[in-house]
Amino acid sequence: MSGRSGRGPRRAQAAALAAGETTAAFSHGSGSSREALKGRIFLAALILSVAIGLVMLVALIVKAFVDGLPRLNLDLVTSFPSSFPERAGIESAIWGTAWLMAGVSATVLPIGIGAAIYLEEYARKDRWYNRLIEANIQNLAAVPSIVYGILGLAFIVRGPLGLGDVVLAGSLTLALLVLPTVILASREAIRAVPASIREAALALGATRWQMIRRQVLPAATPGLATGMILALSRAIGETAPLLLVGGVTFITFNPGFDLSALDSPFTALPLTIFNYVARPQDEFRVVAAAAIIVLLVLLLTMNSFAIWLRNRYQRKW
Amino acid sequence: MPERMTDIEQDEGTARGSSALGPELQIAVGSRDHDPVVGEAVFDLSGVTVSYGDVPAVRDIGLDIRERSITALIGPSGCGKSTLLRCLNRMNDLIPSATVEGDIRYHGADLYADNVDPVQVRKLIGMVFQKPNPFPKSIYDNVAFGPRVLGMKGSMDEIVETALRRAALWEEVKDRLKANAFGMSGGQQQRLCIARALATGPDVLLMDEPCSALDPISTGRIEDLMLELRDKYTIVIVTHNMQQAARVSDRTAFFTVELDEGEMHRTGRVVEFDDTQKIFTTPADPRTEAYVTGKVG
Amino acid sequence: MSARDSAVSRPGSLDTARRLETARPRYGELAIAGVLFACALVSVLTTTGIVIALAEPTIEFFQAVSFKEFLTTTDWAPTFTPASFGVIPIVVGTLSVTFWALLVAIPFGLGAAIFLSEYAGERSRRILKPALEVLEGIPTIAYGFFALTFVTPLLRDLWFLGEEPALFNVLSAGLVMGVMILPTVATISDDAMRAVPAGLREGAYALGGSRRVVATRVVVPAALSGIVASFVLGFSRAIGETVIVLLAAGAIPNLTLDPRESVQTMTAFIAATGSGDIATGTITYKTIFAVGSLLFVMTMIVNLISIRLVNRFREVYE
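Residue numbers (my numbering), protein chains in the order written: chain A, 67 to 383; chain B, 43 to 339; chain C, 5 to 322.
Derived by calculation from the structure, the hints in this document are not laboratory data. Quick caveat, the model's predicted, so the values are computed rather than measured. Each hint can be trusted.
Every beta carbon over 12 Å from chain B, so not counted as near; a handful from chain C, in silico:
1) Val39
2) Ile56
3) Ser88
4) Trp163
5) Glu168
6) Asp195
7) Gly207
8) Ala210
9) Arg221
10) Leu259
11) Gly280
In silico DSSO-like pairs for lysine-lysine, Cα to Cα no more than 30 Å straight-line:
12) C:Lys133 with A:Lys129
13) B:Lys195 with B:Lys216
14) A:Lys191 with B:Lys173
15) B:Lys274 with B:Lys179
16) B:Lys216 with B:Lys274
17) B:Lys173 with B:Lys274
18) B:Lys220 with B:Lys274
19) B:Lys216 with B:Lys179
20) C:Lys133 with A:Lys104
All C-beta atoms in this analysis are idealised placements derived from N, C-alpha and C, irrespective of residue type, glycine included.
Build out the structure end to end from the sequences listed, making use of the hints.
Here you go:
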């Protein structure tokens, strides 16, 4: 194999190491039945590993259902939080989440896709500032979500933007949180459009933006939509940043149905669930569990839709 | 007509000997009934060197392309024929490391002058690629793309129909213009790409190995199309297929590859550029002869 | 028709030169490129914003509170009067929960990865891989709920080693967090192991090695830097996780290594304090940022390590 300098020796080293290990292992001359036993124990351990995750997944879903089923009815989504568990519901949470997501989409879609277009179509890889931008996006993806909450608290709720604990502040904070995800997914979707399409467009006299707008973006749209939906499904479940930006106040009203909602205090599904879980009374646990079921169903629907979208519209170039 | 070939054979004598030419090539060259081209030069290249970074891909190219003729660029792979072709419509602009030195003139005007708009260049000089690359849209939208982005005036329906007729595709698709282009066969897709290029109203058509991804029958149809188009357009074609070059082109440029001292980099040069008949029957340079007679790949 | 003919009407050089010229400079294109660049800059602005948001109050904090007190004393009571600012209890709280989480995530995540990469057939992979993705996609609030309402009571019921775990305890949070991180470890380790060339495996099999031996003695060592990268990434996620610990681990700082006790982690402190109505500019407010800075720095260091490890493992086989 033609190895570039440094790789050849390393490969050889890895191979030699492996060979040495192997011989050492084999030369321990285990009788075949002992080996078979060890093999079976090992396999059992592996299956246990896999099982643990699956078991907990199932247990979690079952627990939520068992606890929450009593309250899983229309009342749940038409009642507001109340000190009385029998009357407590998640209506304000649902509308709050809806508004939050509308704000997130409106913000992150243009900026995320715009950034992805820039990085894929315009950025020269040898320029330092482009490499900085790329490294930056990678770093942001690894920042804990609570830190985004701190950012939101310092600059968006208070500080320069000073919006207060309102929907817009929540949307902006969540938008920054999922921005790296949207950029990543959008870049992949754009990259999947073959270079031959771009060449053909440019050879016909299209400018770069004409090529992007008329050929690349339309072709990448299914991928872009899928990425957006997946990012939203992540944003919907986020609690930590909203704790700092929205607070855990008792919201017994909906944000409203016009743009003034953006300026309204709010709650969201995960926040309300948090509220209910944190209460000492057991009855609230039931409401929380029911709300968790709603959240899980919502997420399942969104993800399934995204997967369906990808399968249906994915083009085989 | 064959008479001409016989004349040439008798005139040139047997010193060089077209005897080494294979029969197909002889027939191909012989079936040309076209005078050597005289006409105004559409392209005039002198001292053209194209480099990617520090490495020259082609060096010191001098050619002239006469109008309403078909010029073929032939030679072994890696000799930079495509690179040179892409200079003619400034597609090499898209590669950041590419630099073009020398003089390239289009109808006498410097193609690489500072104030030249590459978009305008590509309107006037069209290109067809090796692998057919229609857009994932309808046939109509494919052909209409160029005129639309260039803001051409006039009835789009007319422009599309004219282009499709010129590409000998109209009869086959006139009833399904809204159908997706991907549903067509390879040969049809390539003719669609030709129609698409013609729709912007160029006077030059650059073709980069247009038939190499196609079956022989489609190839034949496109070669026939080229000969038809020659009445109105200037065509420059890069091809690996010598028979094709002999069949369709009026003049042929033979490229060769030079390796530098370290044997690391390949640079292309034009060895010989002349009327196709001459290149294939009585080439002046031994390297040309070796290539066209198949001694060298 | 006309468009075509006019193009070929014997253009002279001046005529052509003019036609090749730009009719007008393409300002629109430049503007668009600028807008797109600005979009890409938003990410840089975000990082800058985070750094500034953290740095300013932190600097002010350390003008009032000494490094020594912050990093070495063990009484964390910033909201009390008199306040004390020894951060160790909540750092230990974080590391404690993380320890138990990794105790679950590393062996079982690696086990799942070995199974997926060396044992599982195509059909199993097609079920298990999505299952792992689902596991990873469950919102942390659901995990927190589960830890508090199912795991803790279960542990308390089944406990037999001395005093049972408290209502809020490290162990529940840690175990559940471990399962949440398991898919991260499993997926990345699986990728790393699948990148090991088949030739290496085949050679080992040919020497008579069993699947177990090949997996553990050949593949895992070969994929080691990728596997360790997955551990490091899991660690990073664990220390940054908020909701599970907030709900299940406790809200009172407590310097202990006993997993049955309740502790407060750094993230829980930030969330609890930040969600209250603390006036801007007070020392308590700034404490949020000081702890946030500490968390941010820890996470960044850990992530840099994992990126270098991932690049190393990519290098060897590409």
